[in-house]
Amino acid sequence: MVGGGGGGGVGSGLLENANPLIYERSGERPVTAGEEDEQVPDSIDAREIFDLIRSINDPEHPLTLEELNVVEQVRVQVSDPESTVAVAFTPTIPHCSMATLIGLSIKVKLLRSLPQRFKMDVHITPGTHASEHAVNKQLADKERVAAALENTHLLEVVNQCLSARS
Amino acid sequence: MDRHTVYSIITNFMQTREEELKGLGADFTFGFIQVMDGEKDPRNLLVAFRIVHDLISRDYSLGPFVEELFEVTSCYFPIDFTPPPNDPHGIQREDLILSLRAVLASTPRFAEFLLPLLIEKVDSEILSAKLDSLQTLNACCAVYGQKELKDFLPSLWASIRREVFQTASERVEADGLAALHSLTACLSRSVLRADAEDFLDSFLSNILQDCRHHLCEPDMKLVWPSAKLLQAAAGASARACDHITSNVLPLLLEQFHKHSQSNQRRTILEMILGFLKLHQKWSYEDKDERPLNGFKDQLCSLVFMALTDPSTQLQLVGIRTLAVLGAQPDLLSSGDLELAVGHLYRLSFLEEDSQSCRVAALEASGALAALYPVAFSSHLVPKLAEELRRGELDLTRGDEPTKCSRRLRCLQALSAASAHPSIVKETLPLLLQHLCQMNKGNMVAGTSEVIAVCQSLQQVAEKCQRDRESCWYFHQTALPCLLALAVQASMPEKEHSVLRKVLLEDEVLAAMVSVIGTATTHLSPDLAAQSVARIVPLFLDGNISFLPENSFPCRFQPFQDGSSGQRRLVALLMAFVCSLPRNVEIPQLNQLMRELVELSCCPSCPSSSTAAAKCFAGLLNKLPSGQQLDGFLQLAVDRVEAGLSPGPCRSQAFTLLLWVTKALVLRYHPLSSCLTDRLMGLLSDPELGPAAADGFSLLMSDCTDVLTRAGHAEVRIMFRQRFFTDNVPALVQGFHAASQDVKPNYLKGLSHVLNRLPKPVLLPELPTLLSLLLEALSCSDCVVQLSTLSCLQPLLLEAPQVMSLHVDTLVTKFLNLSSSPSMAVRIAALQCMHALTRLPTPVLLPYKPQVIRALAKPLDDKKRLVRKEAVSARGEWFLLGSPGS
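Chain order of the listed sequences is B and A. With the UniProt record's numbering, letter number 37 in the first sequence gets 37, and the count goes up by one each step, no holes. With the UniProt record's numbering, letter number 747 in the second sequence gets 747, and the count goes up by one each step, no holes.
Next comes chain B alone, as it looks inside the complex (with noise of 0.2 Å):
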């Protein structure tokens, strides 16, 4: 676990952004009543959907994407009978070379999370990054998506993303 040492190669000191801003992470979901209840349904809702991807960390710092404030419960729309979910997120500086693995992380973790009905959707916050566009439309594609995820290294670098901090 040495910072960058096994990683993507990132050395110390040579980081974008050496001291970024970082924001509180929320507690735990408190369980209520009903969750506990065994009758009553839970939907999905955003709150759901924005615990799945507020611990996945970041490829650069050993912080979450929450603590770094990529993700927002607010940027993730979700509708459990439409089946859809829709997620943005805000890269850290609007040149981060790490946008498209963060936005590929966090559909990875949806893919393997949520079930197969769901239609998703991960896209960076509007007018937050300088190549918003070629990162959205890579990670809308289907194929480009499937074939990251054939290289090792790649993937390599998003199961990291998406292990459990030790």
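Just so you know, the hints here were simulated from the structure itself, not pulled from any lab data. Hints are not guaranteed to be accurate.
Here are the simulated lysine-lysine pairs, DSSO-like style, with alpha carbons at most 30 Å apart [to be verified]:
id, chain 1, residue 1, chain 2, residue 2
1, A, 857, B, 142
2, A, 228, A, 277
3, A, 296, A, 258
4, B, 119, A, 228
5, A, 258, A, 147
6, B, 119, A, 848
7, A, 862, B, 142
8, B, 119, A, 296
Here are the in silico distance ranges between beta carbons for each label pair [claimed, not checked]:
id, chain 1, residue 1, chain 2, residue 2, range
9, B, 146, A, 112, 55 to 65 Å
10, B, 17, A, 98, 36 to 46 Å
11, B, 156, A, 808, 24 to 34 Å
To spell it out: a stretch of chain B is covered by chain A in this simulated footprint if at least three of its residues, at any positions, have a beta carbon under 8 Å from a beta carbon of chain A; those stretches are [stated by the list, open to error]:
id, segment
12, 34 to 41
13, 56 to 63
14, 115 to 121
15, 144 to 156
From the three backbone atoms N, C-alpha and C, an ideal C-beta is built for every residue, glycine too.
Please build the complex by placing chain A on the supplied structure of chain B, with the hints as guidance.
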């Protein structure tokens, strides 16, 4: 002759011929350096390191060979050694690391060579090298002084700072901070000549210069690493603490006012809190020298600002800071304290959504009340008393939920502040009086209100346990009052007042039981004897003379009289006699035990017969072996056998059997196996079987009211293991022999036993039991399924090798159970699916596609808690055998 023999001879000589060897001078050292040069065998290295360590510590002459001796050992640093599989010598990497570190850190003479090496290795990319270097540096600081360190301080600081600022590893951060702490401590220790430069000051100034500005950016990533570095240095000595806080505190105070957002202020106040806590480590002789005195007013006004901030998080840090300020001797003035108490009063009544703040305020009240009883007696207790009286008026007028919760908070605030004997003398009468008022009939007090008062009493009782006098005061004041109220409630009356009957409800009695137990366990034997001489006659002879209000319409005779109300109060007798120290003699014991056995088998009221059985068992457990004990046991066994024969009180007899068995199992009494067998026999009883199965849970678990260690019961620490070894073979055999319809009872009994057993004991037994557990997974009883899953889950984590043999069955059954109708079972099954990923990857890979497909279904479970487990299990299965995991 091999090298190991040479080392052995040298070691031997060093032990027996030290004089002669030292006579050889530095030649001996040089000779040894030549012998050791190029050593590769880890076994020899351990011995050689030991020898070098002895050369240095026993003061052999090193002559001009210091650097050579350093070279010949330091070339192994950092140790990079992985023991071969099946290593017969059992040398671990850690052994070599520690023995080399002992050599390197043994003398300041190595410093000029070692420090550059350590700096180089901290800067390396390898995690283990960083850690080893930081830990070695830490060890060196124990023997170094300013002289050795001075030239390297800038580089050491730069390396440590970089590691703490940039690392992703908590261990590197922790070791970096520890090294900085030791460095500062080392610099603080050295005695200086008057004219010499003090390196501590310049070192600390360096740290301050590099960290200060980050403290002004409370939103940025480096703010906490900087604060931690400063705190690590400040924690090293009083001098360092003064130097750093005198610089940092004004800055932080200023920053607090510069930043207006609550979350920024919280970060700043949390840092201030960290520095204040460090001050508690140092005591200052002279009051005027205390460095915090100058900041007191500013700190107080800042804390009070935080306490009134809308942000709960900021309030919370404010409360903690207040408690730390209060703990500094003579810091707060009486005016500050009055203000503080006012804030705590307000915070104690906060609404539901700031629960955490209210709890913290109550804790702070307790901590500060113990230090400043006068301030709390004069400013808090009167206000709470007034509040309580208003609550009583509200109660008589009828109820509103908001006022109800206000009363509840008032009670909690009263008990929280009862942290000093003098305060208890004011609060206990208030609470008891409140309870009496509630019983006076014109108030509409519900069960929960009475329970709340009892809980407060219980908390006060806990606080009184520390002090012998308070303990007796509480016991002597509260018990007669509670008993009088209960006895009065149990009296038959013309108009059956509903209110009084509240006191006799099971939940209320349980709350009173725990008050009485808590107020009794810490009594000294002589005082307990005084009390027992009054309470036992109350129950056996109806002697009510010691009760404060004792004019009742008829006699109190719980054991003779037919009224069920009076019999229920046996629970209170149980709470008292079963909490007494073991050496307190109980008057009229024979009569008491006989009455208890009779009552326990009386079929009219289950709660009083259970209380009688528990009371009997509680007393039995504490009696010394001998004729008297045997007599009581015989009495119980006869009564049980008579009761178990077909008739109206089988279930009462069973309850008595269960409790007596528990009392004996806990103390390893020889008769316990006999009674356990009897209990096991009942597993196939069509009527009592399910209850007998659940009985095993009671046998293995800890009670709260009787048979507890706190209540002086004889509880042998290994009783669960012993019960397991003695009885599990019979349970397994019984299971195989039992007819199909009662098999679940055996499985249930077994799962209760396994569930409560410490896992290290269970692991070796696993191979023989596993087939049974796997069978239990197919049992249709949810309790068995749940208990089996919770038993298998830790085993998957701890004994993956054994479990791999059954991977096929486990995968199938867990996946089946993940669609069980019971939510708890689905959750447990998915947790087991998650734990399965700990098995060796090659075993799991063939199942990966199947499992990932199957786990897609619970992702769409209707319950969120189930989906959560499915997500984490499926996520782990995806990572199996995949790069980067």
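Hints versus structure:
A C-alpha spacing of about 22 Å is found between residue 857 (chain A) and residue 142 (chain B), which places the hinted pair at or below 30 Å, so the restraint holds. This hinted pair checks out: residue 228 (chain A) and residue 277 (chain A) have alpha carbons roughly 13 Å apart, not beyond 30 Å. With a C-alpha separation of about 19 Å, the suggested pairing of residue 296 (chain A) with residue 258 (chain A) holds against the 30 Å cut-off. A C-alpha spacing of about 45 Å is found between residue 119 (chain B) and residue 228 (chain A), which places the hinted pair above 30 Å, so the restraint is violated.
Distance check on the hinted pair: residue 258 (chain A) and residue 147 (chain A) sit about 42 Å apart at the alpha-carbon level, beyond 30 Å; violated. With a C-alpha separation of about 24 Å, the suggested pair residue 119 (chain B) and residue 848 (chain A) falls inside the 30 Å cut-off, and the hint holds. For a cut-off of 30 Å, the pair hint linking residue 862 (chain A) to residue 142 (chain B) stands: about 28 Å separates their Cα positions. For the hint pairing residue 119 (chain B) with residue 296 (chain A), the CA-to-CA distance comes to about 59 Å; that exceeds 30 Å, so the pair is violated.
The hinted window of 55 to 65 Å between residue 146 (chain B) and residue 112 (chain A) holds, with their beta carbons roughly 60 Å apart. With their beta carbons about 40 Å apart, residue 17 (chain B) and residue 98 (chain A) fall inside the hinted range of 36 to 46 Å. Hint check: residue 156 (chain B) to residue 808 (chain A), Cβ distance near 30 Å, so the stated range 24 to 34 Å holds. A count of 4 residues in the segment 34 to 41 of chain B with a Cβ less than 8 Å from any Cβ of chain A is obtained; the coverage claim is therefore met, three being the minimum.
Coverage of the segment 56 to 63 of chain B by chain A holds [criterion: at least 3 residues with CB-CB distance below 8 Å; count 3]. Here the segment 115 to 121 of chain B counts 3 residues with a CB under 8 Å from a CB of chain A, which clears the bar of 3, and the coverage holds. Check result for the segment 144 to 156 of chain B against chain A: holds, 4 residues qualifying (beta carbon to beta carbon below 8 Å, three or more required).
In this structure, the hints that do not hold are numbers 4, 5 and 8, in rising order.
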